[in-house]
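Please model the entire structure based on the sequences and the hints provided.
Chains D and G are the protein sequences, given in the same order. Position one of the first sequence corresponds to residue 1 (the working numbering), numbered consecutively onward. Position one of the second sequence corresponds to residue 1 (the working numbering), numbered consecutively onward.
Treat the hints as calculated values from the structure; they're not laboratory data. There's no promise every hint is true.
Calculated cross-link-like contacts (lysine-lysine; reagent style DSBU-like; alpha-carbon spacing at most 30 Å) [claimed, not checked]:
1) G/355 x G/416
2) G/290 x D/142
3) D/302 x D/173
4) D/180 x G/68
5) D/173 x G/544
6) D/38 x G/544
7) D/177 x G/68
8) G/416 x D/45
9) D/128 x G/290
10) D/278 x D/33
Computed footprint of chain D on chain G; a stretch qualifies when at least three of its residues, placed anywhere within it, have a C-beta under 8 Å from a C-beta of chain D [to be verified]:
11) 167-181
12) 189-201
13) 289-298
14) 322-331
15) 489-496
16) 507-519
Glycine included, each C-beta is placed from N, C-alpha and C at the ideal position.
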Amino acid sequence: MNWLDISSSAFIAAFFLYCFAFLFYVIAVAGRKWSNRKPEEHVRKWSRIGFVFSTIGLAAHLVFFFTRWAGAGHIPTSNMYEFMTFLGMSIMIAFTIIYLIYRSPLLGMFALPLTIVIVAYAAVFPQKVQPLVPALQSNWLKVHVTTAALGEAFFAVGFAAGLMYLLRVIDFKGTDKAAKRAQRWIEFTLYVIIVIVGFIGAVFLFRGMDYQASFTQTNISYDKTGAESITEDTVEYTLPPIVKPYNSVTTAVEPFLGMESPLFEAPSWMNGVNAGRKLNTVIWSIIAGTLLYGILRLVFRKPLGAVIHPTLEGIDPEDLDEISYRSIAIGFPVFTLGALIFAMIWAEQAWGRFWGWDPKEVWALITWLYYSAYLHLRLSRGWQGHRSSWLAVIGFIVVMFTLIGVNLIIAGLHSYAGVDG
Amino acid sequence: MFQNTKCECGHQNHAGTVLCESCGKPLIAELAGDNAPLEMRYDGAARRSQKANPGLIDRVWNFFSSVKIAVILIVITLLGAMLGTIYPQEGTFINFNDPDYYEDTYGLPGKIYYMLGLSHTYESWWFIGLLVMIGTSLVICSLDRVLPLYKALNKQQIRKHLQFITRQKVVYTGRIEDTDTEGWTARLGEQLRKRRYKVYRDGDALLAEKNRFSRWGPYINHIGLILFLLAVLARSIPGWHMDTYAAVPEGDTVRLADTNYYLKNVEFSVDYYSNEELPEELQDTARAKKYETKAELYECVDNCTDIMGDPVLEKVAEHNIIVNSPLSYKGLKAYQFDYDPTPKLKAVNPMLVDKKTGEAYGPFHLSITEPELLYELGPYRLELITRFMDFTINEQGKPATKSREPNAPAFLFLVKGPDLDPAGETFIYFPKQVDKQRFSQDLLNRELADRIEFRVDSMEEVEISGATSHLNIRVDKAMPYIWVGAAISMIGLVMGFYWNHRRIWLRIDNGILSLGAHTNKNWYGMRNDVAAVLRKVDIEVDPKSLDNGGNKT
Numbered sequence: 001m002n003w004l005d006i007s008s009s010a011f012i013a014a015f016f017l018y019c020f021a022f023l024f025y026v027i028a029v030a031g032r033k034w035s036n037r038k039p040e041e042h043v044r045k046w047s048r049i050g051f052v053f054s055t056i057g058l059a060a061h062l063v064f065f066f067t068r069w070a071g072a073g074h075i076p077t078s079n080m081y082e083f084m085t086f087l088g089m090s091i092m093i094a095f096t097i098i099y100l101i102y103r104s105p106l107l108g109m110f111a112l113p114l115t116i117v118i119v120a121y122a123a124v125f126p127q128k129v130q131p132l133v134p135a136l137q138s139n140w141l142k143v144h145v146t147t148a149a150l151g152e153a154f155f156a157v158g159f160a161a162g163l164m165y166l167l168r169v170i171d172f173k174g175t176d177k178a179a180k181r182a183q184r185w186i187e188f189t190l191y192v193i194i195v196i197v198g199f200i201g202a203v204f205l206f207r208g209m210d211y212q213a214s215f216t217q218t219n220i221s222y223d224k225t226g227a228e229s230i231t232e233d234t235v236e237y238t239l240p241p242i243v244k245p246y247n248s249v250t251t252a253v254e255p256f257l258g259m260e261s262p263l264f265e266a267p268s269w270m271n272g273v274n275a276g277r278k279l280n281t282v283i284w285s286i287i288a289g290t291l292l293y294g295i296l297r298l299v300f301r302k303p304l305g306a307v308i309h310p311t312l313e314g315i316d317p318e319d320l321d322e323i324s325y326r327s328i329a330i331g332f333p334v335f336t337l338g339a340l341i342f343a344m345i346w347a348e349q350a351w352g353r354f355w356g357w358d359p360k361e362v363w364a365l366i367t368w369l370y371y372s373a374y375l376h377l378r379l380s381r382g383w384q385g386h387r388s389s390w391l392a393v394i395g396f397i398v399v400m401f402t403l404i405g406v407n408l409i410i411a412g413l414h415s416y417a418g419v420d421g
Numbered sequence: 001m002f003q004n005t006k007c008e009c010g011h012q013n014h015a016g017t018v019l020c021e022s023c024g025k026p027l028i029a030e031l032a033g034d035n036a037p038l039e040m041r042y043d044g045a046a047r048r049s050q051k052a053n054p055g056l057i058d059r060v061w062n063f064f065s066s067v068k069i070a071v072i073l074i075v076i077t078l079l080g081a082m083l084g085t086i087y088p089q090e091g092t093f094i095n096f097n098d099p100d101y102y103e104d105t106y107g108l109p110g111k112i113y114y115m116l117g118l119s120h121t122y123e124s125w126w127f128i129g130l131l132v133m134i135g136t137s138l139v140i141c142s143l144d145r146v147l148p149l150y151k152a153l154n155k156q157q158i159r160k161h162l163q164f165i166t167r168q169k170v171v172y173t174g175r176i177e178d179t180d181t182e183g184w185t186a187r188l189g190e191q192l193r194k195r196r197y198k199v200y201r202d203g204d205a206l207l208a209e210k211n212r213f214s215r216w217g218p219y220i221n222h223i224g225l226i227l228f229l230l231a232v233l234a235r236s237i238p239g240w241h242m243d244t245y246a247a248v249p250e251g252d253t254v255r256l257a258d259t260n261y262y263l264k265n266v267e268f269s270v271d272y273y274s275n276e277e278l279p280e281e282l283q284d285t286a287r288a289k290k291y292e293t294k295a296e297l298y299e300c301v302d303n304c305t306d307i308m309g310d311p312v313l314e315k316v317a318e319h320n321i322i323v324n325s326p327l328s329y330k331g332l333k334a335y336q337f338d339y340d341p342t343p344k345l346k347a348v349n350p351m352l353v354d355k356k357t358g359e360a361y362g363p364f365h366l367s368i369t370e371p372e373l374l375y376e377l378g379p380y381r382l383e384l385i386t387r388f389m390d391f392t393i394n395e396q397g398k399p400a401t402k403s404r405e406p407n408a409p410a411f412l413f414l415v416k417g418p419d420l421d422p423a424g425e426t427f428i429y430f431p432k433q434v435d436k437q438r439f440s441q442d443l444l445n446r447e448l449a450d451r452i453e454f455r456v457d458s459m460e461e462v463e464i465s466g467a468t469s470h471l472n473i474r475v476d477k478a479m480p481y482i483w484v485g486a487a488i489s490m491i492g493l494v495m496g497f498y499w500n501h502r503r504i505w506l507r508i509d510n511g512i513l514s515l516g517a518h519t520n521k522n523w524y525g526m527r528n529d530v531a532a533v534l535r536k537v538d539i540e541v542d543p544k545s546l547d548n549g550g551n552k553t
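Now the structure itself:
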């Protein structure tokens, strides 16, 4: 058994340990009102079990990380799979630190599913170890990526706590305009999370079925001198094609539920790399997510927010607000150091300029500006509670766009980060 | 509005003061009435921006001193920066000179994008203007707050007004059984000292304080950011910033544009990953592992501007340049940027053949990049009129060059010799066989083509250079300031976020203890501190119950 085999086993172990830990945290929080027990004792007991499992999970995750490092010969943070698993691990580290400060089992109920989703999302990407291109052969790969991810992980915990706060305080019985609006938005947030879960589910479902389709796409491009060049590319699909690439011919499509050919073609203005396939993936995610959401609604017969809300009853919302803020406050200097300063030092060494307005750099700056606005609003303008929590939730969307969206939608110098969705 | 700013304790406060600078009593009428927790920002001291009769400068000052304005500026900058990432910026192309590029590539949205100037968002006046305004806001916001804060923290009174204490956000009141109130206060002070508080006592009143330095964190961070922004602006000072590219074929020495330096590419090599190192799906792909230019840097010491004489060069540095490891000499840096492994024609040594007599003269050395202006070959005399590196016929039907790369070199000579027009006849020569046919050299030369030809006899007469290394040459004199600014900013952030300024005031009036505590961040920790200290003097209290409501930051 070599290093990489140990590594994959550890990865699977970590994944399941996280799932169990999540379950135990849910029992700790939701089971307080079960009969014949003292609520405090129940919470203490089950949150301790949950913490033990999440810590062993983190240990397994660390084993995964270091054995893969040993097997690959370089730090496993160089492509999307490696980075996303590392982000998941960082969230667990951040969660553990915050948990040790505040001892709040509730946080586990929200931070763990976040980690689980991110780790599962990582598994969507190709998992092969890839040799490093010259630009990545630097010690700064270790320092820059890890610090930036740790900072972002604290933002993620801030997001989890902020979302919990909102689910705790939003008045789900209220009928006035403000309450309705808050209910709608929190439901939308939950829906988006379920769409992401739907995406992961769809990818694994069709991967399990070994589904394949391919197209030949004709691309017409103009170089800088205005000369026209025509290239033919093969586009491989792993999800049944609802949308085919712009200007393409079907090579092979396996029928799925009687659907033998794509329903329509991607519009011409979507001309990024593999735009057609990405659009197809987005459509499938929405279908799968909506289906999943619909099933959940049928089971519970009320908005999901209203389902979660009662389990959080009796929890001090101010604690959640504070945890959310503190997590972001701890993460902010780490993020500044990792995502901006170390990034600038490395960029200066590799490309000769510390700042080049590359989309990834710009989005790191946007994230930083966003959280500095958050901190100023909170510290100087007294934005707390609702408003601060919404900002924490939106902030995490900005973080995720910087990490994934930029790679999927905007190409730039960081495009070597191996995105293949 | 006239406001009486003299407190009942006798202290004369500045206009705009919220809490008496000395005893802390709320001064504003509407504050004095209720019992809500006090706003403790800058300890209630007046800021410059709260001056009574603002003039023009005061108004500008007030505008930039507002945190609300600062946040609005940050948000606008953030949104503006987003716009710049929709399409690639012009700066991502080495030489951007095609105004139709955005329209051709992205259609109408691309055209609008280009017309709005968003294709160079980050160099636009409004974006730089926003950065300058943020810089101004940083300076003014900081000055407006740090001075009153410093004064307030520097002269703190120990015995505070009772209202000041009981209207803090962390409050405890209770009866003390001990009749020796001073002794009791001293014992509590001892406990606070153990928790690394600095304790000041005035009879049975006490002030305990720790980590005051963390209050300066935000201001130190802002100083760092200001320095950083100034350094960025300083890059536009002439000579502070240079960014050019040099293509250096293996074995060649090239002068670096706008400098007195020459760079020699001694050897260029590329290593590829072997199949054992590659995963299955990448087998047999040429994936570069490392490319390296063995470079030597020379400085010109004499004959530098003289066109006729050769410059006198002196070696000053050498380095094996790879990605992530540039050559660096006195602020000049050469980065491995790219490489072109296709060999380039460097020189040919053709013979001039008189087609009538069959006699051959030469060979003569014709360098592609540095040809001689005159060649004498037997009875013939070749005067170089002009040279094209990348020959083409332009829209006006005239010969022209497409680029400076020697892709299709061509030489136009004025030939003089036996039986030729005494004034000379023109002759164009394409050293590459493929260009000779492509551009129909013989047709272009008309009758002269029947009289003479240039002939290269063997491959030995062709000189080819190895791979060309593309280097990015940079000078950035602002860098040290950038790093210092970033370091200061980082120190400020760590100070401000990882330590909290905590203060505890207490006084005992007729056996009743009144304790109030304040921190700038982390109220959870503040409450735990107070509860832990009280426990040591046998007052059991749940940290959460100390919460007097209000804000938690």
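Is the Cα-Cα distance between residue 416 of chain G and residue 45 of chain D 30 Å or less? Since the Cα atoms of residue 416 of chain G and residue 45 of chain D sit roughly 104 Å apart, the hinted pair is violated (cutoff 30 Å).
Below or equal to 30 Å on CA atoms is what counts here, so check residue 290 of chain G against residue 142 of chain D. holds (19 Å)
Examine the region 489-496 of chain G for residues whose CB is less than 8 Å from any CB of chain D, and state whether their number is three or more. holds (count 4)
Counting residues of the region 289-298 of chain G that have a beta-carbon nearer than 8 Å to any beta-carbon of chain D, does the count reach 3? holds (count 3)
Between the alpha carbons of residue 355 of chain G and residue 416 of chain G, is the straight-line distance 30 Å or under? holds (15 Å)
Pair hint residue 128 of chain D and residue 290 of chain G, alpha-carbon separation not exceeding 30 Å: It holds: about 21 Å lies between the C-alpha atoms, which stays within 30 Å.
Check the hint pairing residue 180 of chain D with residue 68 of chain G against an upper bound of 30 Å on the C-alpha distance. Judged against 30 Å, a Cα distance of about 28 Å means the pair holds.
Take the region 167-181 of chain G, compare each residue's beta carbon with every beta carbon of chain D, and decide whether three or more fall closer than 8 Å. n = 0 at 8 Å, threshold three: violated.
Can the restraint linking residue 177 of chain D and residue 68 of chain G be considered satisfied, given a maximum Cα separation of 30 Å? Judged against 30 Å, a Cα distance of about 27 Å means the pair holds.
Check, residue by residue, whether the region 322-331 of chain G contains three or more positions whose beta-carbon lies closer than 8 Å to a beta-carbon of chain D, and give the verdict. holds (count 5)
Given the hint that residue 173 of chain D pairs with residue 544 of chain G, test it: the Cα-Cα distance must not exceed 30 Å. holds (28 Å)
Does residue 544 of chain G sit within 30 Å of residue 38 of chain D, going by the straight-line distance between their CA atoms? Holds, at roughly 21 Å.
Checked against the numbered hints given earlier, this structure breaks hints 8, 10, 11, 12 and 16; the rest are met.
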